[in-house]
Amino acid sequence: MHELPQQLVNGLLLGSMYGLIAIGYTMVYGIVQLINFAHGEIFMTGGFGALTVWLWLPAGTSVWAALPLMLIGAIFVSTTIAIGAERFAYRPLRGAPRLAPLITAIGLSLALQQAVWAWYPEAKSARSFPELPGGSIHIGSVTMQPGDIFLLITAPICMVALGYFVMKTRIGRGMQATAQDPDTAKLMGINTDRVIVVAFAIGAAFAGIAAVARGLKYGQIDFRMGFILGLKAFTAAVLGGIGNIYGAMIGGVVLGLAESMATAYINDVPGMDKLGGQSWADVWAFVLLIVVLLVRPQGLLGERVADRA
Amino acid sequence: MRQRSLIAITAALTAGALTLTACGSRDDKDDGDEAGGGTTVVIGVDAPLTGELSALGLGIRNSVDLATKQANEKKYVDGVTFKIEALDDQGQPSSGQTNATKLVADKDVLGAVGPLNSSVAESMQKVFDDAKLVQVSPANTNPALTQGPDWNGGKKERPYKSYFRTATTDAIQGPFAAQYLYNKAKKKKVFVVDDKKTYGAGLAATFKDEFTKLGGKVVGTEHINPDTKDFGAVATKIRNSDADLVYYGGEYPQAGPLSKQMKQAGSKAPLVGGDGIYSADFIKLSGKQGVGDYATSVGQPVEELPSAKEFIANYKKAGFKEAYEAYGGYSYDSAWAIIEAVKKVVDDNDGKLPDDARAKVIDAMKDVSFDGVTGKVSFDEYGDATNKQLTVYQVKTTDPKSGWKPVESGTYTGTN
Numbered sequence: 001m002h003e004l005p006q007q008l009v010n011g012l013l014l015g016s017m018y019g020l021i022a023i024g025y026t027m028v029y030g031i032v033q034l035i036n037f038a039h040g041e042i043f044m045t046g047g048f049g050a051l052t053v054w055l056w057l058p059a060g061t062s063v064w065a066a067l068p069l070m071l072i073g074a075i076f077v078s079t080t081i082a083i084g085a086e087r088f089a090y091r092p093l094r095g096a097p098r099l100a101p102l103i104t105a106i107g108l109s110l111a112l113q114q115a116v117w118a119w120y121p122e123a124k125s126a127r128s129f130p131e132l133p134g135g136s137i138h139i140g141s142v143t144m145q146p147g148d149i150f151l152l153i154t155a156p157i158c159m160v161a162l163g164y165f166v167m168k169t170r171i172g173r174g175m176q177a178t179a180q181d182p183d184t185a186k187l188m189g190i191n192t193d194r195v196i197v198v199a200f201a202i203g204a205a206f207a208g209i210a211a212v213a214r215g216l217k218y219g220q221i222d223f224r225m226g227f228i229l230g231l232k233a234f235t236a237a238v239l240g241g242i243g244n245i246y247g248a249m250i251g252g253v254v255l256g257l258a259e260s261m262a263t264a265y266i267n268d269v270p271g272m273d274k275l276g277g278q279s280w281a282d283v284w285a286f287v288l289l290i291v292v293l294l295v296r297p298q299g300l301l302g303e304r305v306a307d308r309a
Numbered sequence: 001m002r003q004r005s006l007i008a009i010t011a012a013l014t015a016g017a018l019t020l021t022a023c024g025s026r027d028d029k030d031d032g033d034e035a036g037g038g039t040t041v042v043i044g045v046d047a048p049l050t051g052e053l054s055a056l057g058l059g060i061r062n063s064v065d066l067a068t069k070q071a072n073e074k075k076y077v078d079g080v081t082f083k084i085e086a087l088d089d090q091g092q093p094s095s096g097q098t099n100a101t102k103l104v105a106d107k108d109v110l111g112a113v114g115p116l117n118s119s120v121a122e123s124m125q126k127v128f129d130d131a132k133l134v135q136v137s138p139a140n141t142n143p144a145l146t147q148g149p150d151w152n153g154g155k156k157e158r159p160y161k162s163y164f165r166t167a168t169t170d171a172i173q174g175p176f177a178a179q180y181l182y183n184k185a186k187k188k189k190v191f192v193v194d195d196k197k198t199y200g201a202g203l204a205a206t207f208k209d210e211f212t213k214l215g216g217k218v219v220g221t222e223h224i225n226p227d228t229k230d231f232g233a234v235a236t237k238i239r240n241s242d243a244d245l246v247y248y249g250g251e252y253p254q255a256g257p258l259s260k261q262m263k264q265a266g267s268k269a270p271l272v273g274g275d276g277i278y279s280a281d282f283i284k285l286s287g288k289q290g291v292g293d294y295a296t297s298v299g300q301p302v303e304e305l306p307s308a309k310e311f312i313a314n315y316k317k318a319g320f321k322e323a324y325e326a327y328g329g330y331s332y333d334s335a336w337a338i339i340e341a342v343k344k345v346v347d348d349n350d351g352k353l354p355d356d357a358r359a360k361v362i363d364a365m366k367d368v369s370f371d372g373v374t375g376k377v378s379f380d381e382y383g384d385a386t387n388k389q390l391t392v393y394q395v396k397t398t399d400p401k402s403g404w405k406p407v408e409s410g411t412y413t414g415t416n
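Taken in sequence, the protein lines are chains L and E.
Here the first sequence is numbered in full-length UniProt numbering, starting from 1 and rising by one per residue.
Here the second sequence is numbered in full-length UniProt numbering, starting from 1 and rising by one per residue.
Please note that the accuracy of each hint is not assured.
Think about it this way: if two alpha-carbon atoms lie no more than 27 Å apart in a straight line, the pair counts; the simulated BS3-like pairs of lysine-lysine are [stated by the list, open to error]:
1) Lys217(E) to Lys274(L)
2) Lys316(E) to Lys401(E)
3) Lys274(L) to Lys196(E)
Simulated restraints, written as ranges between beta carbons of each label pair [unchecked claim]:
4) Val283(L) to Thr212(E): 25 to 31 Å
5) Lys186(L) to Asp227(E): 41 to 47 Å
6) Val218(E) to Met167(L): 39 to 45 Å
7) Asp227(E) to Met167(L): 36 to 42 Å
8) Val287(L) to Lys288(E): 52 to 58 Å
9) Glu157(E) to Leu294(L): 47 to 53 Å
10) Trp119(L) to Asp355(E): 44 to 50 Å
11) Asp273(L) to Lys184(E): 52 to 58 Å
Quick caveat, the hints were computed from the structure, so don't treat them as lab data.
Positions of the beta carbon are idealized from the N, C-alpha and C atoms, including for glycine.
Produce the complete structure using the sequences and hints provided.
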């Protein structure tokens with residue numbers, strides 16, 4: 001069991017990334033009840049935004065100096081695409097049955113993926129992403145890379161900032177009101193269109209940050225990375241209670257830990273030696289999801305809401 | 001209840017989307033020179049032209065293209081102009097099968113080069129065999145493709161008469177690596193990882209058998225999911241296993257990140273793989289952590305063979321954007337094997353293509369023998385290459401173009 005601390009950290013890192021992306025699913029769902037399946041691809045384009053900034057910078061720029069610019073590039077690209085998607089793909093369908101925007105979302109997700117595939121130079125296979133310089137950091141038996149530290153610091157900061165925003169600012173309160181009842185919120189003078197755009201933008205900004213974190217951690221990005229990660233993040237959002245922003249983060253971390261524990265230890269359980277290892281990690285993550293949904297259908301932090309449909 | 005059913009529909013649609021992206025292949029038609037006039041013979045190409053394995057796939061397509069261009073230039077077969085039809089399988093068996101069906105339907109196609117992946121080949125073999133269309137793979141190394149599923153149990157049986165390959169098989173590639181690493185590199189404790197695919201799992205198994213036979217110890221095994229890039233948990237297991245070598249059965253999109261992450265986790269063991277990781281992209285993906293890693297690949301390094309000088313020069317002259325990669329020479333030779341077979345068929349039929357040209361081409365393949373880029377090209381009774389050369393390469397620098405250096409070439413001498 002001497003590898004346990006390291007495996008916990010591995011799970012926490014993976015989970016923080018899921019959580020950052022999951023916030024985009026959960027906020028949009030909380031306000032407009034739309035599962036924005038293009039969110040994984042919005043995350044992916046953020047990564048390519050950051051890479052573009054990096055390629056524009058003169059060769060030899062230190063990654064630390066470039067990092068703020070890359071973050072801005074990632075957030076710029078992902079929010080622009082998210083706001084554009086909201087305006088042109090989802091808003092015209094707002095009164096339509098729920099299935100319609102969902103199908104649009106999936107179409108948009110494929111379109112974005114193929115657009116990067118077709119037009120981004122050399123994006124047909126994985127592109128290497130700059131890594132943070134500096135050696136690994138050892139804390140006890142735990143080893144971490146500079147990119148991991150970036151993720152571990154950024155994820156909680158983002159959460160705290162988002163919590164503050166939603167609770168304390170005017171537009172944040174407008175969001176809560178819109179989430180509870182969009183029609184009444186409108187009657188009370190809240191510009192619900194604006195609230196929805198802000199929700200899309202915040203989710204996309206977090207996805208952009210997550211994309212930079214992923215690039216730094218693995219040293220590569222590719223046009224397909226949004227699909228699987230988006231799916232996992234959606235799972236994390238459901239696990240945490242879709243609509244609840246803290247739930248998204250907790251759901252992400254629980255999912256990440258489940259995957260890493262499953263990889264590390266299921267093999268050692270007597271009789272389970274054939275059902276363990278990394279190739280089974282997803283299976284166990286989804287088993288966990290099913291169990292949680294059976295016991296607590298609203299997710300870990302979700303509230304039981306009356307059906308509004 | 002509406003919400004619950006929304007989730008269900010969503011899940012169904014997601015599954016649908018997954019399939020769609022996987023099948024999103026494109027045709028990449030390349031019109032060859034039409035100048036020759038007369039009959040046009042199309043050589044199909046099936047390889048991953050997009051997606052993670054596209055570096056290898058594009059090398060295959062370009063090399064076949066080069067072969068047909070040269071055949072046309074030399075007017076090698078009288079009255080016949082060769083053309084290629086390149087289809088993208090994205091490394092997916094389902095796309096490969098669709099492409100095979102498409103090639104079979106085109107009456108001008110008299111042979112196909114590809115695919116890259118053994119698992120894709122499995123899905124294509126029957127389609128080609130039913131249509132009596134010859135298929136020559138430059139890259140498939142799974143022994144079962146030519147020798148049947150029981151090849152390891154001593155009962156070799158060729159399943160499809162239309163299938164040939166210029167690459168040698170994992171039945172010798174895995175053990176060849178094991179012999180080098182145990183005897184020469186003095187590695188004794190190995191951690192074996194594979195991606196559970198036909199190629200990766202087969203290769204890892206043959207390596208493991210030979211390595212333990214030699215006296216080495218397997219200190220751990222793990223299967224990974226090729227869809228992920230996060231190998232954090234596996235990397236930690238590798239570090240704690242105290243292995244001095246990690247064998248990976250699979251391809252570079254996973255091998256690169258795995259090598260990087262296991263070394264970041266603190267492991268000092270080099271990663272070793274088969275021809276599936278012998279690519280410039282492996283060096284790009286593994287970065288500085290990849291230096292010291294090994295790969296085996298079929299044949300001798302193309303650059304070292306005198307027979308390859310002309311190929312390399314012509315490839316450069318043709319101005320392809322992508323490198324010929326690991327299978328360029330084999331793809332060129334595969335295409336030439338088909339061209340030679342077509343020539344024989346045409347010559348035997350008074351300079352014209354017979355009506356049953358496809359079946360005749362398969363017959364002619366048995367006697368094909370010429371000096372190719374990779375050495376002597378000919379096939380044994382199973383359709384396997386008679387050339388059984390292998391080479392161990394090691395990553396020496398982080399430069400993707402020249403980082404791989406050959407350390408030892410040879411022919412596998414079995415211990416069994």
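Item to check | Hints violated by the structure (numbers, ascending) | outcome: When the structure is compared with the hints, numbers 6, 8, 11 turn out to be violated.
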